[in-house]
Amino acid sequence: MSQSASKRRTCSYDMVEVRLDGYTLTGTEGEMYFCNARCLCIWAVQLATRPNLADGRKLPGVQLTQPTGEQRTFADVRELAKWSVANALGGLELMSRDLQESKTRLEEAQRIAHVGHWVWDLGNDGLTWSDETYRIFGLRPQERPMNVEAFQKMIHPEDREFFLRATQEARGGARPDVEYRIVRPSGEVRIVYSQGAVIRDVPGQPRQRFGTVQDITDRKRAEEELQQTQFYLVEGQRLVHMGSWALNPSGLFEYWSQELFKIYGLDPQNGAPTLEQYLATVHPQDRDFMANTLERMHAERIGCDVKKRIVRPDGEQRYLRCVGIPLFEGEVFKGVLGTAIDITEQELLTEKLERQQAHLTEAQKLIHTGSWAWRVRDPTAVEVSEELYRIFGFDPAEGAPTWEQYFERVHPEDGLKLTGIRERAIAEKAYYDHEFRILLPNGKVKWIRTVGHPVLSNIGDLEGFVGISTDITELKSAEQEREKRRQLEADLTHINRVSTLGEMAASLAHEIKQPITAAVSNAEACLRWLARDQPDMLEMREAATETVKEARRAAEIINRTRSLFQKEVIKREAVDVNEVINEVASLVREEGARYSISLRTEFGTGLPKVSANRVQLQQVLINLMLNGIEAMKDTPGELIIKSQRDEQGRVLISVRDTGVGLPAENADKIFNAFFTTKPQGIGMGLAISRSIVESHGGRIWAQANLARGATFHFTLPHERVISA
Amino acid sequence: MTAVPGLVFIIDDDAGVRNAVQRVLKSVGLNAEVFAAPQDFLRRKHPDVASCLILDVRLPGISGLEVQRKLIEAGIHIPIIFITAHADVPMTVRAMKSGAVEFLTKPFRDQDLLDAIQQALEGDHRRRQEQNELAELRSRYESLTPRERQVMTLVASGMPTKVIASVLGTSEVTAKVHRSQIMHKMQAGSLVQLGRMAEKLKVPAKV
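Protein sequences appear in the order of chains A and B.
One point on numbering: in numbering that gives the first Met the number 0, the residue at position 145 of the first sequence is 144, and numbering is uninterrupted.
One point on numbering: in numbering that gives the first Met the number 0, the residue at position 94 of the second sequence is 93, and numbering is uninterrupted.
Certain hints may be false.
Stated by the list, open to error - Keeping only pairs whose Cα atoms sit at most 25 Å apart, straight-line, the calculated DMTMM-like set for lysine to aspartate or glutamate is:
#1 LYS548/A / ASP111/B
#2 LYS25/B / ASP114/B
#3 LYS25/B / ASP535/A
Said to hold, decoys possible - FRET-style restraints, in silico, Cβ to Cβ:
#4 SER97/B / GLU590/A: 38 to 48 Å
#5 TYR594/A / SER97/B: 36 to 46 Å
#6 ALA592/A / ARG68/B: 40 to 50 Å
Keep in mind the hints are simulated off the structure, nothing from the lab.
Just so you know, even glycine gets a beta-carbon here, dropped at the ideal spot from N, CA and C.
Build out the structure end to end from the sequences listed, making use of the hints.
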């Protein structure tokens, strides 16, 4: 009861203190208006509801059993009261002090619990508030007297009407338990909860309302937040297809979230499944594994992180990842709390990715190609495919090698160039394509072709490069092999040409020797007939006739051979003389090297193309070059092949040696057939060369050098002149 | 100039050449038969006169060296003169080793050919003569009785009659009779001549 209320009302009641903390309010006639619970306890009386006490009825005689065991019987409460007074230890002072203490405690308790109380005098609408009530309403305790009107102004406008309605009902005697918002003078909105009871006067008319008010703002907000959190959690679970569950210490499911039921396609109405029901949902191939897992979790009190498949009642198969953690309170195992996420899509994607990755790896292996990527900002962090490890001789099982390790494998002779190409590619943001060698620890050398493509950002900055590196060692050796074979073929063609010529010469010789033999023999027979004492004219005529016939046959064979050669169609095309010189020089260079003779070309620029038969032109050049080499066999020197334009605009080609020079006599006969100064020569080379050059409309001649050796020149009219 | 008469065969696929060669031989009085292919020559019956073969090395389908080998295999011992338009050393060596008389390169001098033919015919003639003599000796030897052949062996080994008699266990007179019979049958003028005959016949020197 509030202090002010007791002050005002003391005059109407006899206030009797019974014990230190038990008291009653009794009327002059001995009727009791109120007694507190402590009082009843001390009296050890069982009374009906306390409001009945306030009816003012006289209590019947009561028997009191004191704590000492002594029993006393009182005729009525007054008697009891009188006894009580006689036994009082304190008196009014004591009671007052006690009252004060109680009040202080009450106030303290109210402050801590944020509960205030109020008394509403229904007569004058005056309000008596406890200190805490003032505080709840944002006022200083007992700052000003309150009345209903002032109070109602503090109610949140939106709640005012509702509050008034509740209050009207309260006037009628209903319990005005209401929750409403108030606006503090500072403007702050708080939510309060008020409970009240009606206090009636003696005739039973409602005189006062008494109640408590509690600031429930924080609780309300916490509740709202909790609700919000709960909502978010449920939504979140739904969004990520994640459910949660709990196993109790006995290893049985205690809780399944809504989403978990949805994931499993089970009906939440049936509650969390039993372990048997649960295992039935697991894919048959994963069932034993899951049963073992659950058993272990229970036996060893551990969590889990497993992936498994389930089959929904509709037959759909899903992949789930289940993560559980064991819960302990101190040492006590409280079960396992966990989540289950539907990872079917991720799992299928992962499987697809793994499959693609495997295909890619396999494909790269097949074509000996590895891929890579690096960023300009950190060029050492290289991302590479498995095949690249293999190409560079690293074991994929040992993980990615560092950039330094890669670079160490580059062949020492190629490292500098590779670095240069990289730097230029960065500077120019350009595509690059480069071949280099790597040297493996076992000494094996591989050829690598690397192709890099720049990666540019939206604004055109160079971010890095992606590309591939291919092991082209086999290609390279095949290329070298091809080059060797080409060389061999060229040599063979040459040999073939020479040997065909030899064969033809032999065959021709054989053919011609037959008629010559016959002619000679016939002539000799004729001579013998003539030498006889009596020449047989008939025989002589016959032999002479045969001689003539056979000689003609010989001539016929030679004619036939020439016409055979003439039948060959010599095709001509526009030929770049320098190109042909290069081709032939590459063929002859080795031959020269055998005798320590170096070959040098001096190409004229802007030379017109000539119309020539490439093979014949090659033949002329081979003849002249081999001649030059032949001349220098014993005195190593230099063979210079020079191309230029002469005064008439013709292409002039010179082959200059530092050899034995031209023969002192017969220098003019060197281009004749069968003229040779060489022990093995047949004397056809220069003759053929002359024939070819002249058939092209050119001229060929030789000159003795001032110092040593000779120079052979020939001219070829350029294309336009011939076609004109 | 033709010391030995004989027959010359010519095999050459070139008609001009074979006819010309035949003409040269005719001018010196030598008979020649010409063949275009070796098969034709092989089919011909060979008369028992001194003969030789002029053989071209390069024949259609078969080489002259091959023909030479076939003749040897067939037991036809005819001296061969090879002629060729183109000869190399190995070919020459092979031909000569197989018994060729000469290897001439076309066009050859007629005298060289004639010399070779002369040499071949003489050789063939001599060979035939020796063969005839041997055949004659063999028929005489075959007219001896086994006892006489026995005695002839001992006589040819230079054994005196006395010793022969003791070896054979007969009287010296009997041995002498045998000897004179042998000399008569073999038409030997002296013991030395008989010894040479035994040698040619390869009569065993000892029994």
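Comparing the hints with the structure gives:
1. LYS548/A / ASP111/B: Holds, at roughly 24 Å.
2. LYS25/B / ASP114/B: OK: LYS25/B and ASP114/B at ~15 Å, within 25 Å.
3. LYS25/B / ASP535/A: It holds: about 11 Å lies between the C-alpha atoms, which stays within 25 Å.
4. SER97/B / GLU590/A: 38 to 48 Å: The hinted range 38 to 48 Å holds for SER97/B and GLU590/A, with Cβ atoms some 42 Å apart.
5. TYR594/A / SER97/B: 36 to 46 Å: Holds - the Cβ-Cβ distance for TYR594/A and SER97/B, about 44 Å, lies within 36 to 46 Å.
6. ALA592/A / ARG68/B: 40 to 50 Å: Since the Cβ atoms of ALA592/A and ARG68/B sit about 49 Å apart, the hinted range of 40 to 50 Å holds.
Checked against the numbered hints given earlier, the structure satisfies every one of them.
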